[in-house]
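Trainee: Put together the whole structure using the sequences plus the hints.
Which chain is which? The protein sequence lines are A and B, in order. Sequence positions in the first sequence follow this note's numbering and run 52 to 166. Sequence positions in the second sequence follow this note's numbering and run 5 to 121.
Since the hints were made in silico from the structure, they are not lab data. Keep in mind that this is a model prediction, so the values were computed, not measured. Keep in mind that the hints are not guaranteed to be accurate.
Listed below are the simulated DSS-like cross-link pairs for lysine-lysine, each with C-alpha atoms no more than 27 angstroms apart in a straight line [claimed, not checked]:
hint	chain 1	residue 1	chain 2	residue 2
1	A	109	A	119
2	B	99	A	109
3	A	108	A	122
4	A	93	A	119
5	A	119	A	73
6	A	109	A	93
7	B	17	A	93
8	A	108	B	17
9	B	17	A	73
10	A	73	A	109
11	A	108	A	119
12	A	122	A	73
Label pairs and their in silico Cβ distance ranges [stated by the list, open to error]:
hint	chain 1	residue 1	chain 2	residue 2	range
13	A	166	B	75	45 to 53 angstroms
14	B	86	A	112	38 to 46 angstroms
15	A	165	B	12	35 to 43 angstroms
16	A	119	B	88	33 to 41 angstroms
17	B	43	A	97	17 to 25 angstroms
By construction, the Cβ of each residue, glycine as well, lies at the ideal position given by its N, Cα and C atoms.
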Amino acid sequence: GENVEQHPSTLSVQEGDSAVIKCTYSDSASNYFPWYKQELGKGPQLIIDIRSNVGEKKDQRIAVTLNKTAKHFSLHITETQPEDSAVYFCAAADSGYSSASKIIFGSGTRLSIRP
Amino acid sequence: EAGVTQSPTHLIKTRGQQATLRCSPISGHTSVYWYQQALGLGLQFLLWYDEGEERNRGNFPPRFSGRQFPNYSSELNVNALELEDSALYLCASRKDRGDLSSEDTQYFGPGTRLTVL
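Mentor: See the structure below:
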């Protein structure tokens, strides 16, 4: 079945440094890749997403890259700040109602920013 | 615009009891998804409802069930509760016009934390 692998499971970086989280997916039909941030006691919040017709997308300090051939996609956070500390989930989905539009989530990365 | 809302915030039950969790989607969203998030683990897909019908379910036993009402709100029922059902239950909504776009992303509620004693 479809699978999304996410690494690392935990990541600790110094404030101001960059953080990178990587995911791989198995379903070649996947064409939509959202990233969610979950803070303690809250539900996941969408922070950025990318489609398969785009290789890179950036939003301020956050960027996502996609290598569809290798089935890899990554989240890059630059100039990390304490408020970036959270659990981050990657996900992969294929569009289309007939496919049940089910999003497959990675297992999550707990990011800690050291002051 | 109000986000996805869930109630109750916390729910404490004992083994064998039944739990009912509720979700109200974002206005204009027709699809509701339910996920289970056990402590320290990722999101496990439970159920997907759209236009009042169950469209898909994850690998969970039949004692996990639910429904979607005409106003698109949804209810998740868990019968014969077991200790391992203790988890955060998340609801997400989506417009579901048949094609994924940024506007059709799943938006999550804050969750209901279910504790089974």
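Trainee: CA of residue 73 of chain A to CA of residue 109 of chain A, is that 27 angstroms or under?
Mentor: With a Cα-Cα distance of about 16 angstroms, the restraint between residue 73 of chain A and residue 109 of chain A holds, given a limit of 27 angstroms.
Trainee: Measure nothing beyond the straight line between the CA atoms of residue 109 of chain A and residue 93 of chain A; if it is 27 angstroms or shorter, mark the hint as holding.
Mentor: holds, 25 angstroms
Trainee: Holds or violated: are the alpha carbons of residue 119 of chain A and residue 73 of chain A at most 27 angstroms from each other?
Mentor: Holds, because 13 angstroms separates the two Cα atoms, which is no more than 27 angstroms.
Trainee: Please test the hint of 38 to 46 angstroms on the beta carbon pair from residue 86 of chain B and residue 112 of chain A.
Mentor: holds, 43 angstroms
Trainee: Between residue 122 of chain A and residue 73 of chain A, does the CA-CA distance stay at or below 27 angstroms?
Mentor: holds, 11 angstroms
Trainee: Could you say whether the range 45 to 53 angstroms given as a hint is met by the Cβ separation of residue 166 of chain A and residue 75 of chain B?
Mentor: holds, 47 angstroms
Trainee: Run the distance test for residue 99 of chain B versus residue 109 of chain A: straight-line Cα separation, threshold 27 angstroms.
Mentor: holds, 25 angstroms
Trainee: Would the pair residue 17 of chain B and residue 73 of chain A pass a check requiring their Cα atoms to be no farther apart than 27 angstroms?
Mentor: violated, 38 angstroms
Trainee: A range of 33 to 41 angstroms was offered for this pair. Does it hold for the Cβ distance of residue 119 of chain A and residue 88 of chain B?
Mentor: holds, 37 angstroms
Trainee: How does the Cβ-Cβ distance of residue 43 of chain B and residue 97 of chain A compare with 17 to 25 angstroms: does it lie in that range?
Mentor: For residue 97 of chain A against residue 43 of chain B, whose Cβ atoms are near 23 angstroms apart, the range 17 to 25 angstroms holds.
Trainee: Could you grab the alpha-carbon distance between residue 109 of chain A and residue 119 of chain A and see if it respects the 27 angstroms cut-off?
Mentor: holds, 17 angstroms
Trainee: Holds or violated: 35 to 43 angstroms for the Cβ distance of residue 165 of chain A and residue 12 of chain B?
Mentor: holds, 36 angstroms
In summary, the numbered hints that this structure violates are 4, 8 and 9.
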